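**Student:** If you count by mature numbering (1 follows the signal peptide of the UniProt record, and there is no 0), then the sequence shown holds residues -16 to -1, 1 to 235, one letter each, in order.
To be clear, the hints were calculated from the coordinates, so they are not data collected in a lab. Any given hint might turn out to be false.
Claimed, not checked - Calculated lysine-lysine pairs in the PhoX-like style (CA-CA distance at most 25 Å, straight line):
#1 Lys80 - Lys230
#2 Lys214 - Lys126
#3 Lys116 - Lys230
#4 Lys80 - Lys126
#5 Lys230 - Lys214
#6 Lys214 - Lys156
#7 Lys168 - Lys126
To be verified - Distance ranges between label pairs, derived from CB positions:
#8 Asn89 - Ser157: 16 to 24 Å
#9 Thr120 - Pro86: 37 to 45 Å
#10 Thr170 - Pro76: 17 to 25 Å
#11 Lys168 - Thr110: 38 to 46 Å
#12 Glu107 - Ser155: 36 to 44 Å
#13 Thr63 - Phe108: 17 to 25 Å
#14 Ser155 - Ser60: 38 to 46 Å
#15 Thr105 - Lys214: 43 to 51 Å
#16 Pro124 - Asp72: 33 to 41 Å
#17 Gly234 - Gly23: 24 to 32 Å
#18 Thr92 - His232: 20 to 28 Å
#19 Asn81 - Arg226: 34 to 42 Å
#20 Asn89 - Glu121: 20 to 28 Å
Here the structure is a predicted model, which is why all the values come from computation and not from measurement. Note that beta-carbon positions come from the ideal geometry of N, C-alpha and C, so glycine has one too.
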Amino acid sequence: MLRIVLLAAFIVGCLGSVPKPLSLFPDPRIIGGSQVDIGQHPHQLSLQTSGHICGGSIISSNWAITAAHCVGSSPSQYTIRIGSSHKDLGTPYGIKNIIRHPRYNARTIDFDVALLEINGTVEFGTNVQPIKPANTELLPNKMVNVTGWGALTEGGSTSARLMRVSVPIVSKSECADAYRYMNKITDRMICAGYTSGGKDACQGDSGGPLTADGFLYGLVSWGYGCAKPKYPGVYTNVANLRSWIKTHSGV
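Make the full structure from the sequences, and use the hints.
**Tutor:** Right under this line is the structure:
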């Protein structure tokens, strides 16, 4: 997940302005979660170059979805691994084509979605299944699951095993208020987390799924810090981008 690193003194001294992110950088972890078997989340994938860089989800035998900030324009440099709770195991597939949303904005992190056309046809089984992108949005306080590979604490080493954390959906108005001095919360974003902090996705879980009731509702996108109080995680709103996903993937 892209995490905004800001100078606290600058925020305090400039309440009338919107501070710009000083740096955004990926690094994988799930905060406050627990280990989970891939069979419980068989859509989960690990996006890799020389190793794990982001998460993602299988949405059909030929297509996967992740965050736009996870990928560039060269498909040949990426591989996905599926079907294993261990990020470095499972079946590898190459990527034939990458379709990033044309309105993706790296500064505002808006329209943070990309489709991956898989090189070959994915074989489904107990540990490999597609997930259906949601058509509707969730109400505040609905509990959702976020999965990915990462450390248990900020700054810790990454986990070899798939992790899961459950967090509630946060209202758009509450999320917008939390980030009012950092970034705009658009209709292409949804938020989830606890006011008290302690549980969250974080950098490098980017692109991974936010799910509920068997549907894909969000993609790990960005936030301030990791599991910090009063700052929920921000996710790409899949339902808002559903028609674009359908147009380009047929799913």
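**Student:** Please go over all the hints and tell whether each is borne out by the structure.
**Tutor:** Checked hints:
1. Lys80 - Lys230: With a Cα-Cα distance of about 18 Å, the restraint between Lys80 and Lys230 holds, given a limit of 25 Å.
2. Lys214 - Lys126: holds, 18 Å
3. Lys116 - Lys230: holds, 11 Å
4. Lys80 - Lys126: violated, 36 Å
5. Lys230 - Lys214: violated, 35 Å
6. Lys214 - Lys156: holds, 14 Å
7. Lys168 - Lys126: Holds: Lys168 and Lys126 sit about 23 Å apart, inside 25 Å.
8. Asn89 - Ser157: 16 to 24 Å: holds, 22 Å
9. Thr120 - Pro86: 37 to 45 Å: violated, 24 Å
10. Thr170 - Pro76: 17 to 25 Å: violated, 35 Å
11. Lys168 - Thr110: 38 to 46 Å: Because 42 Å falls inside the window, the suggested range holds.
12. Glu107 - Ser155: 36 to 44 Å: Hint holds: Cβ distance 41 Å, inside 36 to 44 Å.
13. Thr63 - Phe108: 17 to 25 Å: holds, 19 Å
14. Ser155 - Ser60: 38 to 46 Å: holds, 42 Å
15. Thr105 - Lys214: 43 to 51 Å: holds, 45 Å
16. Pro124 - Asp72: 33 to 41 Å: For Asp72 against Pro124, whose Cβ atoms are near 37 Å apart, the range 33 to 41 Å holds.
17. Gly234 - Gly23: 24 to 32 Å: Given range 24 to 32 Å: holds, Cβ gap about 27 Å.
18. Thr92 - His232: 20 to 28 Å: Since the Cβ atoms of Thr92 and His232 sit about 22 Å apart, the hinted range of 20 to 28 Å holds.
19. Asn81 - Arg226: 34 to 42 Å: With Cβ atoms ~20 Å apart, the hint is violated.
20. Asn89 - Glu121: 20 to 28 Å: Given a distance of about 21 Å, which is inside 20 to 28 Å, the answer is holds.
In terms of the numbered hints stated before, the structure departs from hints 4, 5, 9, 10 and 19, listed from lowest to highest.
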